[in-house]
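Trainee: Kindly produce the complete structure, drawing on both the sequences and the hints.
Numbered according to my numbering, the sequence shown spans residues 1 to 760.
Keep in mind that the hints are not guaranteed to be accurate.
[To be verified] Cβ-Cβ distance ranges computed for the label pairs, FRET-style:
id : residue 1 : residue 2 : range
1  : E308      : P348      : 25 to 33 Å
2  : G379      : D614      : 15 to 23 Å
3  : R651      : G172      : 13 to 21 Å
4  : M403      : M515      : 55 to 63 Å
5  : D360      : D614      : 47 to 55 Å
6  : L699      : D614      : 53 to 61 Å
7  : A93       : S634      : 43 to 51 Å
8  : R503      : S662      : 20 to 28 Å
9  : G379      : E408      : 26 to 34 Å
10 : D724      : P661      : 36 to 44 Å
11 : E408      : K369      : 35 to 43 Å
Hints listed in this document are in silico derivations from the structure and should not be mistaken for laboratory results.
All residues carry an ideal CB built from backbone N, CA and C; glycine is no exception.
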Amino acid sequence: MAARRRTASRRTRGRGPGRTRNILLVIVLFLGVAVAVVLAVPAPGFAGSVRHFLFERLGWLSVLVPLFLLHTGAWLLDLKFRRSGFRVLSGIAITGYFFAAVLDFVVSRRVYGFHNEPGGTVAGGIGDLLVPVVGAPITFLILFTAFTASLVAFTGWDIADDFRSLADGLQGLLERDRSRAGEKPSGKKRTSEPEKRPAVQGEKAAAPDEGTARQGSNNAWSRNTDRGGAEVLGFDSGGTGNGKAAANGGTVTPAPETGRRRLSPGEEPFGRRPPFHEGSEDADGYSKPPLSCLDMPDEKARVRMTREKLDDLADMLVEKLADFGIECTVSNTCPGPVITRFEVEPGPGIKVNRFVALSDDLALALKAKRIRILAPVPGKGAVGIEVPNPTPETVYLREVIDMVDDQELPIALGKKIEGEPFVADITAMPHLLIAGATGSGKSVCIHSIIASMLLTKSPSEVRLAMIDPKMLELSIYEGIPHLWAPVVIETEKSTLLLDALVREMENRYKRLSRMGVRSIQEFNSKLTPESEDERIPFIVFFIDELADLMVTVSRDIEPAIARLAHMARAVGIHMVLATQRPSVDVITGVIKANFPSRIAFNVQSKTDSRTILDMNGAEKLLGKGDMLFLPATSPEPIRIHGSFISTEETRTIVEYLRDQPSMPYEYDFPQETSIGAGGSSGAEISDPLFQKAREVVVLSQQGSVSIIQRKLRVGYSRAASLIDMLEQAGVVGPFQGSKAREVLMSPEELEGEDDTDEEE
Numbered sequence: 001m002a003a004r005r006r007t008a009s010r011r012t013r014g015r016g017p018g019r020t021r022n023i024l025l026v027i028v029l030f031l032g033v034a035v036a037v038v039l040a041v042p043a044p045g046f047a048g049s050v051r052h053f054l055f056e057r058l059g060w061l062s063v064l065v066p067l068f069l070l071h072t073g074a075w076l077l078d079l080k081f082r083r084s085g086f087r088v089l090s091g092i093a094i095t096g097y098f099f100a101a102v103l104d105f106v107v108s109r110r111v112y113g114f115h116n117e118p119g120g121t122v123a124g125g126i127g128d129l130l131v132p133v134v135g136a137p138i139t140f141l142i143l144f145t146a147f148t149a150s151l152v153a154f155t156g157w158d159i160a161d162d163f164r165s166l167a168d169g170l171q172g173l174l175e176r177d178r179s180r181a182g183e184k185p186s187g188k189k190r191t192s193e194p195e196k197r198p199a200v201q202g203e204k205a206a207a208p209d210e211g212t213a214r215q216g217s218n219n220a221w222s223r224n225t226d227r228g229g230a231e232v233l234g235f236d237s238g239g240t241g242n243g244k245a246a247a248n249g250g251t252v253t254p255a256p257e258t259g260r261r262r263l264s265p266g267e268e269p270f271g272r273r274p275p276f277h278e279g280s281e282d283a284d285g286y287s288k289p290p291l292s293c294l295d296m297p298d299e300k301a302r303v304r305m306t307r308e309k310l311d312d313l314a315d316m317l318v319e320k321l322a323d324f325g326i327e328c329t330v331s332n333t334c335p336g337p338v339i340t341r342f343e344v345e346p347g348p349g350i351k352v353n354r355f356v357a358l359s360d361d362l363a364l365a366l367k368a369k370r371i372r373i374l375a376p377v378p379g380k381g382a383v384g385i386e387v388p389n390p391t392p393e394t395v396y397l398r399e400v401i402d403m404v405d406d407q408e409l410p411i412a413l414g415k416k417i418e419g420e421p422f423v424a425d426i427t428a429m430p431h432l433l434i435a436g437a438t439g440s441g442k443s444v445c446i447h448s449i450i451a452s453m454l455l456t457k458s459p460s461e462v463r464l465a466m467i468d469p470k471m472l473e474l475s476i477y478e479g480i481p482h483l484w485a486p487v488v489i490e491t492e493k494s495t496l497l498l499d500a501l502v503r504e505m506e507n508r509y510k511r512l513s514r515m516g517v518r519s520i521q522e523f524n525s526k527l528t529p530e531s532e533d534e535r536i537p538f539i540v541f542f543i544d545e546l547a548d549l550m551v552t553v554s555r556d557i558e559p560a561i562a563r564l565a566h567m568a569r570a571v572g573i574h575m576v577l578a579t580q581r582p583s584v585d586v587i588t589g590v591i592k593a594n595f596p597s598r599i600a601f602n603v604q605s606k607t608d609s610r611t612i613l614d615m616n617g618a619e620k621l622l623g624k625g626d627m628l629f630l631p632a633t634s635p636e637p638i639r640i641h642g643s644f645i646s647t648e649e650t651r652t653i654v655e656y657l658r659d660q661p662s663m664p665y666e667y668d669f670p671q672e673t674s675i676g677a678g679g680s681s682g683a684e685i686s687d688p689l690f691q692k693a694r695e696v697v698v699l700s701q702q703g704s705v706s707i708i709q710r711k712l713r714v715g716y717s718r719a720a721s722l723i724d725m726l727e728q729a730g731v732v733g734p735f736q737g738s739k740a741r742e743v744l745m746s747p748e749e750l751e752g753e754d755d756t757d758e759e760e
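Mentor: What follows is the structure, given as structure tokens:
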């Protein structure tokens with residue numbers, strides 16, 4: 001019985017607030033409609049007195065009174081548009097106040113009997129207060145400036161863009177008048193025709209509308225054809241929104257609305273030249289590919305968002321957390337190209353683990369694909385809730401590559417959550433492991449890494465070695481001068497390439513030991529101009545699908561990969577391994593322990609995420625380039641949206657490089673041929689340059705590695721192998737320390753052997 005009484009009393013108490021709200025709703029709606037009727041229809045008596053009072057005090061602003069009353073009714077009804085409606089009405093009220101003050105100041109002094117009509121005593125009185133202090137002209141300027149500022153603040157009017165357009169129009173008119181008068185224009189003439197990129201050899205010139213025509217290409221990750229003005233998260237100006245979405249400083253770069261465009265050769269979107277001098281030739285006649293090989297989104301098509309959308313999501317997030325019994329406030333918001341991070345400060349006594357357990361519930365409440373919760377944000381007293389943007393932005397490699405500074409081996413990974421370009425240096429990693437499910441952006445990431453090096457470094461600075469069991473991804477780079485060895489597409493040859501890299505590592509250590517240095521940077525810095533041909537380039541070794549190799553030849557390749565991972569950093573050899581099967585039998589403990597830098601794309605389970613990163617989180621990624629980058633120097637991963645490079649852009653770069661002076665491979669796969677009459681019995685060689693190397697050594701009577709490097713334009717590793725073959729063939733003597741090898745064959749004997757071969 002007592003329980004029933006308590007329940008009944010609870011129900012009775014629950015009816016009170018609802019009944020009071022209904023009564024207030026009726027009163028407010030009645031007042032709103034009544035004031036609107038009184039203002040619209042003149043009437044005698046009390047209604048006329050109210051109308052006269054409102055117009056006398058507020059002037060034309062009195063029409064906002066019924067609107068605010070009706071909006072109060074919407075607030076009592078708990079309608080969804082109540083917050084946005086209040087902001088709109090507030091903006092109209094403030095802007096209208098200064099507009100009425102300007103109009104009252106001008107009109108009331110020129111039209112007799114019109115005093116206090118536009119602004120009433122509230123808006124019109126501010127002019128009467130300022131005129132005795134600063135005078136009429138300054139008063140008008142103050143009121144007009146306040147009106148313009150409020151109009152810009154509440155409408156998002158880009159006044160700077162309009163001024164630029166006006167200046168361009170005036171300059172065009174002046175130049176046209178000068179040309180008609182026979183004068184020479186003072187500046188460059190602007191033209192409405194888009195500049196065309198010069199065609200790279202082997203490539204057709206791009207049409208003016210090429211970027212728009214390629215908008216529907218299947219190569220883009222998130223290139224939407226139905227954007228049609230859709231909003232993305234972000235806003236123009238910084239500031240605090242009602243204390244909830246605070247300190248969102250800076251201008252956010254929203255998603256592009258239309259296609260991409262080709263940049264003209266001299267055009268730089270960020271107003272700076274990259275430090276890698278693209279397009280300049282070196283001593284060997286090699287020139288780096290121009291940045292016009294890459295596409296970039298049209299800046300004019302980007303949509304700038306206001307603060308309201310972000311504030312609405314922040315309010316909704318706080319409300320949903322309150323529904324689950326978590327009191328919090330949004331202290332900061334970081335809008336990015338793909339996701340927006342809300343930094344939430346929990347209330348007193350709220351445990352961080354409660355946020356993590358609500359990720360799926362929040363995704364359901366916010367209608368988001370996936371929500372990742374970072375509890376807490378490193379270095380901050382807040383919990384990060386990462387919500388996907390309604391319209392994701394595609395990050396193009398051209399946007400990020402411009403930020404390359406002085407990295408030795410730069411890789412343009414993409415943009416961080418805040419929208420800042422992220423460029424890493426592979427020499428600081430020193431090896432990189434990439435893993436993710438099929439279609440998550442792994443292969444595109446590899447192409448972006450390779451393109452970053454091809455655009456910024458010459459073959460004398462970096463050489464590439466590649467294993468591509470899929471025979472589709474990396475074989476496109478065959479024939480470029482940066483290759484250290486031919487691209488391997490046959491699993492059987494992968495062991496030979498790895499063994500060659502191990503030998504190259506050992507040879508480099510010997511050279512560093514003789515020079516008395518500890519790294520190739522020190523070695524190269526001590527070279528003289530006469531010994532410049534002995535410079536050691538970096539080598540970056542790529543494996544696109546490690547899982548296939550581990551299934552077929554794991555016993556042969558795993559020891560070689562482990563040795564390279566242990567020792568190759570000091571001699572400038574770095575590895576990038578990628579797999580779409582992040583399981584423990586592929587990413588073994590030996591491999592994982594030597595790859596401290598890792599990139600995880602979207603995976604299917606928490607187990608796969610822990611296999612890659614040793615922590616959860618990759619299962620919450622969105623795919624299409626969304627990644628977690630764990631650098632070797634940080635315990636926490638960095639969320640990045642990867643830079644996109646299309647197949648056509650890759651082909652353009654490759655075709656340009658194939659037209660450059662060719663460079664011989666440092667290592668070529670064995671082609672068994674007999675030595676000849678002067679060789680040792682049964683001896684065989686495996687290098688097609690053997691005969692040329694023999695001629696060079698015999699004719700010059702110098703049995704050194706450097707002479708073969710200079711004459712045949714090969715690297716140290718291949719030249720040393722040729723010297724070893726010549727020793728086996730009896731052409732040169734054994735190694736004698738710092739002295740050159742003795743040449744055991746005379747030029748006459750070489751000519752005699754050639755004559756014997758011709759007679760045979």
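Trainee: If a hint holds in the structure, say so; if it does not, say that too.
Mentor: Taking the hints in turn, this is what the structure says about them:
At about 30 Å, the CB distance of E308 to P348 agrees with the hint of 25 to 33 Å. Restraint check, G379 to D614: a C-beta distance of roughly 20 Å satisfies the suggested window 15 to 23 Å. For R651 paired with G172, a C-beta distance near 39 Å fails the hint of 13 to 21 Å. The supplied range of 55 to 63 Å is broken by M403 and M515, whose beta-carbon atoms lie about 34 Å from each other.
For the hinted restraint 47 to 55 Å between D360 and D614, the CB-CB distance of approximately 23 Å leaves it violated. For L699 and D614, the hinted distance range of 53 to 61 Å is satisfied, since their beta carbons lie about 59 Å from each other. Between A93 and S634, the C-beta spacing of about 49 Å keeps the proposed range 43 to 51 Å intact. Restraint check, R503 to S662: a C-beta distance of roughly 24 Å satisfies the suggested window 20 to 28 Å.
Against the hinted window of 26 to 34 Å, the Cβ-Cβ separation of G379 and E408 comes to about 28 Å, which satisfies the hint. In this structure, D724 and P661 break the distance hint of 36 to 44 Å, their C-beta atoms being roughly 28 Å apart. Between E408 and K369 the C-beta distance comes to about 38 Å, which sits within the given range of 35 to 43 Å.
Of the numbered hints listed earlier, those contradicted by the structure are 3, 4, 5 and 10.
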